[in-house]
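Colleague: Fit chain P to the known structure of chain C by using the hints.
Protein sequences appear in the order of chains C and P. Numbered according to our numbering, the first sequence terminates at residue 443, and the numbering increases by one at each position without gaps. Numbered according to our numbering, the second sequence terminates at residue 1267, and the numbering increases by one at each position without gaps.
No wet-lab data here; the hints were simulated from the structure. Treat the hints loosely; a few may be bogus.
Derived pair list, reagent style SDA-like, types lysine to any residue, alpha-carbon separation capped at 20 Å [stated by the list, open to error]:
id, chain 1, residue 1, chain 2, residue 2
1, C, K341, P, P1244
2, C, K42, C, Y26
3, P, K1115, C, G349
4, C, K195, C, N118
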Amino acid sequence: MGQEILDVLGTTFWMILGIIGIFCLYLAVSGLCYFAHNMYNKGRDKAKGYSSLKTVTFGDESSVVATRAASIAAVITLFLFWGIATGSKLLPIGLPGPFVGDTSFEYTATNAAGDTANATVFVRIHAADNKDAPKPEVFGDGGLSFAKSDVILLPERRTKIIKVQNNDEGGKEDGYKVTAVDGQAISPNQTVPFKDGNVFMTRKGSLSVRPATGVTMEALYLPPPELVWKRFGNLWTNGYLGVGLWENVFWSLIRVVIGFALGCLFGIPLGFAMGLNSWLRGWFEPIVEFMRPVPPLALIPLIIIWFGIGEQGKISLLFLAALWIMTIAARSGVSGVNIAKIHAAYSLGATKRQILSNVILPNSLPEIFTGARVAMGVCWGTVVAAELVAAEKGAGKMIIAASKFQLTDIVIIGIIIIGIIGYGIDVMMRIAENKLVPWKGRG
Amino acid sequence: MSGLIIDDVSMTFELPNGGKVEALKNINLDVKEGELMSVLGPSGCGKSTLLNILAGFLAPTEGVMTLSGEAITGPSSNRGMVFQHGALFEWMNVSKNIGFGPAMKGTPQKEIDAKVEELLDIVGLQEFGEKMIYEMSGGMQQRVALARCLANEPDVILMDEPLGALDALTREKMQSLVLDIWKKTGKTIILITHSVEEALLLGERLLVMAPRPGRVLKEYNLPFAEMGVGADLREVKQHKDFGPTRDEILNMIWDMEEEIMGRTEEA
Chain C
1 MGQEILDVLG TTFWMILGII GIFCLYLAVS GLCYFAHNMY NKGRDKAKGY SSLKTVTFGD
61 ESSVVATRAA SIAAVITLFL FWGIATGSKL LPIGLPGPFV GDTSFEYTAT NAAGDTANAT
121 VFVRIHAADN KDAPKPEVFG DGGLSFAKSD VILLPERRTK IIKVQNNDEG GKEDGYKVTA
181 VDGQAISPNQ TVPFKDGNVF MTRKGSLSVR PATGVTMEAL YLPPPELVWK RFGNLWTNGY
241 LGVGLWENVF WSLIRVVIGF ALGCLFGIPL GFAMGLNSWL RGWFEPIVEF MRPVPPLALI
301 PLIIIWFGIG EQGKISLLFL AALWIMTIAA RSGVSGVNIA KIHAAYSLGA TKRQILSNVI
361 LPNSLPEIFT GARVAMGVCW GTVVAAELVA AEKGAGKMII AASKFQLTDI VIIGIIIIGI
421 IGYGIDVMMR IAENKLVPWK GRG
Chain P
1001 MSGLIIDDVS MTFELPNGGK VEALKNINLD VKEGELMSVL GPSGCGKSTL LNILAGFLAP
1061 TEGVMTLSGE AITGPSSNRG MVFQHGALFE WMNVSKNIGF GPAMKGTPQK EIDAKVEELL
1121 DIVGLQEFGE KMIYEMSGGM QQRVALARCL ANEPDVILMD EPLGALDALT REKMQSLVLD
1181 IWKKTGKTII LITHSVEEAL LLGERLLVMA PRPGRVLKEY NLPFAEMGVG ADLREVKQHK
1241 DFGPTRDEIL NMIWDMEEEI MGRTEEA
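Same shape as in the complex, but just chain C (with noise of 0.2 Å):
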């Protein structure tokens, strides 16, 4: 337990060096690209005013706006970084990559009666999606020593053991052993150099190629831009696993819209009863403060047990993940409404009934509007997540199906669709918000 927590704070700390680390480079860029924007803006300044002045808020709105110049020059930074990382060949120039080609290095062996000899190994290192590469070949006649010349063939970032001795002259003998590399000398458990990559010794003298990696990431890992936006393309034609990209995102927003429909419908008049009567309030309060503060992926697990993996499980999750957000917002909707406003319209005449209808109803739109909002969002990001867990099809299900095969450029495709829908569905309430209940926060 102490040892696990010690660990925990060991990869902590190494995380906030990385993070550091990102952090200033993205930021030190920012700074050039600052540096270059306002040389380029010098002397176009019209009337600068004392806006500079304003250094935090004036009433609601902030004097500080986004510099939409900085914007896109940091989304550019990101694809660069990301192509510089991954050897994009989009780039003109970019970081060393891994090895590929042919190469060579020589070993010397001494045999059981104490002669030495050398001999070459020849390597041929493939590109990962090149499987048909042929083996090299030998050059020359293998040599005329007892130690007789090898082929090696392997893909990029690959390591391979060599039992360079099996066709020396007496590699079997007791007493033969590899001595140097290039000339290098080594023993088990050492590592020599050779011009492209190096040499490992294992415990039994045999020898381990590693070629040169370079320093760009894998595209397991990581694929460059231009291969994501190739698999995009294919995605886009031909789908994946059988179901069309825009059929799997369709299946996750008809999701979203019929639960968040549902938690609507359900949770507003709940809300707007809990905000009206003091029984309901009662009645219903137990269960409505117990339910919020529960994360609805929680709840995934008992959803299977009890619907299974169909769509009545997806569904019902996100009727409970919106149900609670509207009954809240509803509610609170309803008792912040302004005591003048009800009294004016009392001795205005109106009924309670009018009241309810034309005061307490309209007044609270622009509550249950805020809740929509956060209700939408939180669904979006739980019927991802329920997909991941079980789905035939949806954006969720692309991505964790595609893990299993370690396609990182779809799973990357995925993240990102799943990224602009979200923020599409935001800008979308927000515009239906200012077009529905344009008077919201200027009451």
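Modeller: Using the frame of chain C, we list chain P on its own:
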């Protein structure tokens, strides 16, 4: 038998800690029809409580009130209320706000439209019928609130610091408007204010209230409201009696405030 009669009204609030606050004690008032009465007093003197009781939002613990001979037992459209702030309906435009009372009573839309048109004219918002409330300045919003109250043709208009949130210039214009409306419509108006000058200008009759228990300390009958109708209010303030009366009332309120502060310090 018309007018507003307040007969021995008391209001006691029970505090959660078991204590009691006498917000009003034995208030007796007889407000004639068409009278313009202003009520002044330090915070906590019960003036807002009095207004809320008159409007029917609060039931007094003792005493009765009658309007035109009928007992007041709750809110009703014959007593309109103008609030300081936040009582307009932001989801309706100006015309809808003004026509709210008649619409609730089921008045035909045509009549409502005509009424709204007329009231927009009276409060000087002819062009603003289609505007939304949040698009208007504070002064304009109070004009709407006034018009909305008038649309119901109440017998009594209760104003709870209606001009308290306005800037000085707008406030002066609105004071003239209140006087105009009083004269034009002949309504009984009871206006609560924190400003001594406003109370002098907008009160044929001025009540100074005192706290703990809330009671009427002194009553004035003043000529300034009548003088102010259609006239420049700044000239009214130059009247030889205006300054001395103002100072007298100010001193009275200062004394009360000091007494309150003293008591709080002792406690």
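Colleague: Now tell me, hint by hint, if it's right for this structure.
Modeller: Taking the hints in turn, this is what the structure says about them:
1. C:K341 x P:P1244: 39 Å, violated
2. C:K42 x C:Y26: Roughly 24 Å between the alpha carbons, so the hint for K42 of chain C and Y26 of chain C is violated.
3. P:K1115 x C:G349: With a Cα-Cα distance of about 16 Å, the restraint between K1115 of chain P and G349 of chain C holds, given a limit of 20 Å.
4. C:K195 x C:N118: 17 Å, holds
Figure legend: structure checked against the earlier numbered hints; hints not met, in rising order: 1 and 2.
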